[in-house]
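Residues per chain, in single letters:
2 protein chains.
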Amino acid sequence: MELQRRSVAVTCAATCVLSCFLALGMSYPDPTQREKLIKLEASTRIGGHVELSPEEQLLDANLSKLMHEEMAREDFPPALHFFKARPLIRSSPIYGLLQKMPKGAALHVHDFAMVDAEWLVRNVTYRPHCYVCFTYDRSVRFYFSSWPPKPLPHCSPWALMEQLRAATANVTDLDNSLIANMTLWTQEDPEVVYPSQDVVWKSFEQAFMATWGLVTHAPVFRDYFHEGLSQLYRDNILYVEVRALLPETYELDGSTHTREWTMKAYQDTTRQFVEDNPDFFGARIIFTVNRGINRSLFTTAVQEAIKLQADFPETMAGFDLVGREDTGRPLWYFREALSLPAAQGSNLSYFFHAGETDLQGTEVDQNMMDALLFNTSRIGHGFALLRHPVAKRLSRMNGVPLEVCPISNQVLKLVKDLRNHPAAVLMSEGHPLVISSDDPSMFGSSGLSDDFYEAFVGFGGLSSNLGSLKELAMNSIRYSSLPPNLQEKAMALWQTKWNKFVTENL
Amino acid sequence: MELQRRSVAVTCAATCVLSCFLALGMSYPDPTQREKLIKLEASTRIGGHVELSPEEQLLDANLSKLMHEEMAREDFPPALHFFKARPLIRSSPIYGLLQKMPKGAALHVHDFAMVDAEWLVRNVTYRPHCYVCFTYDRSVRFYFSSWPPKPLPHCSPWALMEQLRAATANVTDLDNSLIANMTLWTQEDPEVVYPSQDVVWKSFEQAFMATWGLVTHAPVFRDYFHEGLSQLYRDNILYVEVRALLPETYELDGSTHTREWTMKAYQDTTRQFVEDNPDFFGARIIFTVNRGINRSLFTTAVQEAIKLQADFPETMAGFDLVGREDTGRPLWYFREALSLPAAQGSNLSYFFHAGETDLQGTEVDQNMMDALLFNTSRIGHGFALLRHPVAKRLSRMNGVPLEVCPISNQVLKLVKDLRNHPAAVLMSEGHPLVISSDDPSMFGSSGLSDDFYEAFVGFGGLSSNLGSLKELAMNSIRYSSLPPNLQEKAMALWQTKWNKFVTENL
Ligand SMILES: [Zn+2]
Ligand SMILES: [Zn+2]
Chain A
23 MELQRRSVAV
33 TCAATCVLSC
43 FLALGMSYPD
53 PTQREKLIKL
63 EASTRIGGHV
73 ELSPEEQLLD
83 ANLSKLMHEE
93 MAREDFPPAL
103 HFFKARPLIR
113 SSPIYGLLQK
123 MPKGAALHVH
133 DFAMVDAEWL
143 VRNVTYRPHC
153 YVCFTYDRSV
163 RFYFSSWPPK
173 PLPHCSPWAL
183 MEQLRAATAN
193 VTDLDNSLIA
203 NMTLWTQEDP
213 EVVYPSQDVV
223 WKSFEQAFMA
233 TWGLVTHAPV
243 FRDYFHEGLS
253 QLYRDNILYV
263 EVRALLPETY
273 ELDGSTHTRE
283 WTMKAYQDTT
293 RQFVEDNPDF
303 FGARIIFTVN
313 RGINRSLFTT
323 AVQEAIKLQA
333 DFPETMAGFD
343 LVGREDTGRP
353 LWYFREALSL
363 PAAQGSNLSY
373 FFHAGETDLQ
383 GTEVDQNMMD
393 ALLFNTSRIG
403 HGFALLRHPV
413 AKRLSRMNGV
423 PLEVCPISNQ
433 VLKLVKDLRN
443 HPAAVLMSEG
453 HPLVISSDDP
463 SMFGSSGLSD
473 DFYEAFVGFG
483 GLSSNLGSLK
493 ELAMNSIRYS
503 SLPPNLQEKA
513 MALWQTKWNK
523 FVTENL
Chain B
23 MELQRRSVAV
33 TCAATCVLSC
43 FLALGMSYPD
53 PTQREKLIKL
63 EASTRIGGHV
73 ELSPEEQLLD
83 ANLSKLMHEE
93 MAREDFPPAL
103 HFFKARPLIR
113 SSPIYGLLQK
123 MPKGAALHVH
133 DFAMVDAEWL
143 VRNVTYRPHC
153 YVCFTYDRSV
163 RFYFSSWPPK
173 PLPHCSPWAL
183 MEQLRAATAN
193 VTDLDNSLIA
203 NMTLWTQEDP
213 EVVYPSQDVV
223 WKSFEQAFMA
233 TWGLVTHAPV
243 FRDYFHEGLS
253 QLYRDNILYV
263 EVRALLPETY
273 ELDGSTHTRE
283 WTMKAYQDTT
293 RQFVEDNPDF
303 FGARIIFTVN
313 RGINRSLFTT
323 AVQEAIKLQA
333 DFPETMAGFD
343 LVGREDTGRP
353 LWYFREALSL
363 PAAQGSNLSY
373 FFHAGETDLQ
383 GTEVDQNMMD
393 ALLFNTSRIG
403 HGFALLRHPV
413 AKRLSRMNGV
423 PLEVCPISNQ
433 VLKLVKDLRN
443 HPAAVLMSEG
453 HPLVISSDDP
463 SMFGSSGLSD
473 DFYEAFVGFG
483 GLSSNLGSLK
493 ELAMNSIRYS
503 SLPPNLQEKA
513 MALWQTKWNK
523 FVTENL
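These protein sequence lines map, in sequence, to chains A and B.
Under this note's numbering, the first residue of the first sequence carries the number 23, and numbering increases by one thereafter.
Under this note's numbering, the first residue of the second sequence carries the number 23, and numbering increases by one thereafter.
In short, the hints are calculated from the structure, not lab data.
Incorrect hints may appear among the rest.
It does not matter which identical chain is meant; a pair holds if it fits inside one copy or across any two.
Straight-line C-alpha distance at most 16 Å; calculated EDC-like pairs for lysine to aspartate or glutamate [stated by the list, open to error]:
1. Lys519 <-> Glu282
2. Lys511 <-> Asp159
3. Lys286 <-> Glu526
4. Lys87 <-> Asp245
5. Lys438 <-> Glu273
6. Lys61 <-> Glu385
7. Lys106 <-> Asp348
8. Lys122 <-> Asp82
Since this is a predicted model, take the numbers as computed values, not measurements.
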């Protein structure tokens, strides 16, 4: 099994490194020995053991030249806030390559932050029967209905979008302001607009609420997911695991569909998409609930997850908790419910968000350790893992990878200069990890290319090379929830794409 | 020997941790086992093995209460730029305790950034024969002379300070502007004043030049160092190792003294200070040269260092290179000269600045590894060490500590939020390190208390405790250049002060 092999390799490398130290003896520095140590360090990195074909070596040499140019730029993009860096990133030749590169799988993306807000406004809000109201705290809410919906508290009266647009002098301005309500992206100085984690999380939650009435309308729900898959596919991603709330969806007459309907909609849309695009591998769902709920609701959710796992074994990947970790309940609070699947013999897997925090020594700061104790398959973020050496060692020795989302951590104000992101260290140590995008529509990023850019350039600088990219892409398949036989198929599909990419970009 | 013992202890702890992992087996989480892992992680930290007396436990409980209050503050000081955080820090009860706490030794402080600029202006520039000129790029230069000095290029004509003051309507404004020229400290938004590393390093070098003519005037030189020792002593520091350029000093008639005179002035001033304050332990000097010089000048400097080491064995601690690392020459460039002491049988020690950079994979980024290969006794900063797992392991296994200067790294723009400082990770791993202040006068910090606050609150949060502080203080003596017998004496002196501190602050 892949995970097993990986875990052994890591231990072996660590032992080798150790014995080399002991042999060193710290005498007068011998250039050959120095060279050996430098190589040893390079081989420790993610990608350090990847052997490159002659063609790959050519591409790698080209990449190295581009990286030297990138490091010489006056503004080094990974040091800047992504909102300021994006135009610089998008104009970089490295970004151009990363877009074309088969990046494997996106393993940490949320259901309603997959598709850019522009599509929601320019496509969805132009559909008939779309009502809007404006909240008193300057957000918006939408609802599709055959008749005027009941008024919302703290919100203006509902207006039909088509009537509102007809009465508006500048429709473009209106649409842009609606878009702005559904994303954190801003042209203004993000440090000024979002001075603190509290402020940025509040805006984040508001933007989420603004999209809610659009994306939970049953016909939109399917289209939205289809559009999400399309955007990933266009960014050369072949597989995705979606953290999904699986909400009830609603029709124009107010009738609603169950969670099973939602799950089936994911399954059907995916099957159709793969049929239309046979070189796309598919999608699986990680059912998520908000970490703010109480124990009783949580227990019900775990039981539903167990049932979904049994009913949709092909599509259901596992279970997770979402929402701001710092203000939510710690995993340990839910320990009884989290023990149910094992007790009931369910094969439900966990994919816990944990360590998306800079509060040190608090209850929430124990989430990574607890996620590992509950045998999580991966850790979402693990931003605080470096400060927990025991949890870190557990993650490594058991091959539990981190889902690293650089742009998300920066926009949500865990770190400013991405060279200081803990994953820069983890990459240098060859820790198991994958790169993902979390909530691309919220951050104005697209697919995985922006996050890959930050990881490739920001986490490694001149130490990064084609091997790093190759291992990151392969990790995303190796650490997916796919069973071994499907992993092999996905890896073969990726390898074909990769070979083509290398040949076409020499 | 202390260093030896330390190194063994570290290895042993690592092995223990490893076997505990292997015994774990990742079954259904048992609360007792979880508790054990949490304790294991806590014991891995700096201070994690320190046993506290009943009295110390009382103080620790009080500290823990204060830390909870500190974490609940709306603005968490370590997350802010020190220039904004200082008033918050100074008003914190934790800071009050840290000031009174015997902090041991300051092992990384530079000769001409020890004493606050206010003292330089309000004391030194009021002395007779003090000339000033204003450079065209808005800095100042000073010179003491019995007659008007030769004009400087790119500078206004020289004016006597007392005549200038007599002709100035608002002397306070003048003095404040002079002070502002000798420090990076500003009341304005530091992010705006210093938008980049280039800008802040330029100001840093300018401020350094502004003080040069004052502090190299022979009588001022002695007074300055005496004042520096006084300020450390008042902050409850008992010993200091000063990185010193050992410049020629000059008299009013333009005559100059040799490097030996300068060294002797340090030695004499220290002896006098210790005689007057018997509970101060002393000072030693690390001779430094700028890393921008060429190989031939550098070789001469190393030879001088070898001679100084032979002539002043009591005062001379070793040798180092200073100046901005990113734009300077890498250590490896000077490898031949750096090999001279060992080849000549000199016992000259190295205390290299290394890894004060965020350029990854460059030549300069190899400095930490090379410092270790040249058997450095400590590493100045080592900010980039985490990204170099092999160098990190060498540092740990050989007991080579980092001199961590949190405020310096923040003001010089390596990291914004100090919770993301790599030393937060190193503290959690029990890596050998000490806390120091680098250039307190430049940053507006005072003694070690501000940096200790950042390390205690910012690097550890609720995970920090009295044991952390105790080990940090003891580390500063354990990792000093003092020979074992003097280390023991210094430690005994510190222990007496520590016991008194604990008793008086229950
Ligand atoms: Zn997430
Ligand atoms: Zn320094």
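Hint by hint, here is what the structure shows:
1. When the C-alpha separation of Lys519 and Glu282 is checked against a cutoff of 16 Å, the pair qualifies neither within a copy, at 35 Å, nor between copies, at 69 Å.
2. Taking the shortest alpha-carbon separations for Lys511 and Asp159, neither the intra-copy value of 50 Å nor the inter-copy value of 65 Å comes in at or below 16 Å.
3. In this homomeric assembly, Lys286 and Glu526 never come within 16 Å of each other (Cα to Cα): the closest approach is 39 Å inside a single copy and 69 Å across copies.
4. When the C-alpha separation of Lys87 and Asp245 is checked against a cutoff of 16 Å, the pair qualifies neither within a copy, at 42 Å, nor between copies, at 53 Å.
5. For the homomeric pair Lys438 and Glu273, neither the shortest alpha-carbon distance inside one copy (43 Å) nor that between copies (49 Å) is at most 16 Å.
6. For the identical chains of this complex, Lys61 and Glu385 are inter-copy neighbours only, at 14 Å across copies versus 40 Å inside a copy, given an alpha-carbon limit of 16 Å.
7. Taking identical chains as interchangeable, the C-alpha atoms of Lys106 and Asp348 are never at most 16 Å apart, the minima being 27 Å within one chain and 24 Å between chains.
8. For the homomeric pair Lys122 and Asp82, the shortest alpha-carbon distance inside one copy (15 Å) is at most 16 Å, but the shortest distance between copies (56 Å) is not.
Violated hints, listed in ascending order, are 1, 2, 3, 4, 5 and 7; each of the other numbered hints is respected by the structure.
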